[in-house]
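A.B. asks: Between the sequences and the hints, there should be enough to build the whole structure, so can you do that?
Top line first, the protein sequences correspond to chains A and B. Going by our numbering, the first sequence opens with residue 1, and the numbers climb by one from there. Going by our numbering, the second sequence opens with residue 1, and the numbers climb by one from there.
Some clues are possibly wrong.
[Said to hold, decoys possible] Simulated pairs of lysine-lysine, DSSO-like, Cα-Cα distance not exceeding 30 Å:
(1) A:Lys88 with A:Lys122
(2) A:Lys14 with B:Lys43
(3) B:Lys19 with A:Lys151
(4) A:Lys14 with B:Lys73
(5) A:Lys14 with B:Lys19
(6) B:Lys73 with A:Lys281
Calculated from the structure, these hints are not laboratory results. Bear in mind the structure is a predicted one, so any value in this text is a computation, not a measurement.
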Amino acid sequence: MASFYELRCRECGKRFPSAPLSSCDECFSSLEVIYDMAAARQTFTREHIARGPQSMWRYQALLPVPEDYVPVTPSGMTPLLAAPRLAKRIGATNLYVKNDAVCLPTLSFKDRVVSVALAAAKNFGFDTVGCSSTGNLANAVAAHATRVGLKTYILVPADLEPAKILNTRVYGANLVPIDGNYDQVNRLSSQLAERYHWGFVNVNLRPYYAEGSKTVGYEIAEQLGWRLPDNVVVPMAGGALITKIRKAFDELIELGLVEKKQVRFFGAQATGCSPIAHAVKNGLAYHEPQRPNTIARSLAIGNPADGPYAIRTINESGGYAEDVSDVEIVSAIQELAETEGVFTETAGGVTTAVTARLYAHGRIAPNELTVMAITGNGLKTTDVLQGKYEPLQAIRPRLADFEALVAAGQEKAEHEREEVYVR
Amino acid sequence: MSVKVVLPTAFQKHTNGAKELESKAENLPQLITDIENNFPALKAHLRDGDGKVRRFINFYVNEEDIRFLGNEKYAFKDGDEVLVIPSIAGGCF
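C.D. replies: Right, here's the structure in full:
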């Protein structure tokens, strides 16, 4: 059962009844959902949650959906994996991977936010939903809209990875490639939301959409046995995820589900699009917009809507932000796959490479319980691995050929073992 | 010389429903003053307690973020279309 909720301006605090609104009409800032936390004390308990479904909907009492909402798609509740082999390689001893590369149904954490946004869209009576996206959101909106019977208009930069375009069109969505970067697509979607009576997932449904991100935080705490980690490392595009994981942890503390603890938040960006990391490193309260130029297209947002809030979250927690090069991103994708069997997309490469650097620079101590948020699946961005593997030579179907192959492989492995990983 | 300014729905509560404005402003600071002179009720909402234009309000000139064009230094050209968008669409990846 969902608790009572309404909208509140994040700057001036003005409250609004639940409605599809994109900004405060007094100060034009963004809005967020707040709940009746006294009521939530009765409905959001460890016992209630344990009786819930094996999906993000076990936390329905603190999600902005109607009381009688029946979830349509079991997104979330992805594995929290101990990552001892990666940890060893990067000088950590207590590292976990929150693996949203296997979030259902479209293999990214965007399934969480879209689940909530489309529940709100149905509740508000929209028959069409739209979004601007760098890919993962497009995939998720297309799939979820099909499942709940909504029409779609999905705007993406025209140069998006082919897999992400295909993974949107296959659901029958109206995909509109825009000749521009994400920030330009985003601006257009703000204009469209004013013109059409549609639910735009990241415009007038944004407060609802963003709440879905909290479930990453709830799950991390529950999967750790109802305790909070020392650190989380989170990729940043628009900057919403990192702020919402913090909101989740704060709510769990407020409701007494976990012990109070100062979790440090670390943000990860690609150097080619690092407005938030730049601000954190230079002590700025507000980011300066950038023109993105990175292979991590899912993080290529030059003017992040939640940038100032992400900066605040990081600074107040005692965390930090880092950015890594495209070369490091690809190496990190390979490293995570080779060590932990998790194949992530470029955003996950960013997070993995940044995590390694945070340990290498002593910003995270080896024994601290650290969770890195892997948010998308590597099958969506296989193009960045083109040319990374030599073409394989076929052998004849003969035992002798196979034995020769194995012997050659062992010899190669001997050499490689002598290599030292330096970052 | 004049530029066309398109105002967001969120402003209309403070502009008696006006959605557009023709302005002879030569740059962004002049434009903001012009908007405020035309719609005095909007002034208190456009600026924060220190009198600065709120950071969440974005200005675009012919589809480009004005910050990439030089921001306050950008000189408007005749026929420019200026788009005002409060609180840009939310983050997503």
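A.B. asks: State the violated hints by number, sorted upward, taking the hints as numbered earlier in the document.
C.D. replies: Violated: hints 1 and 4.
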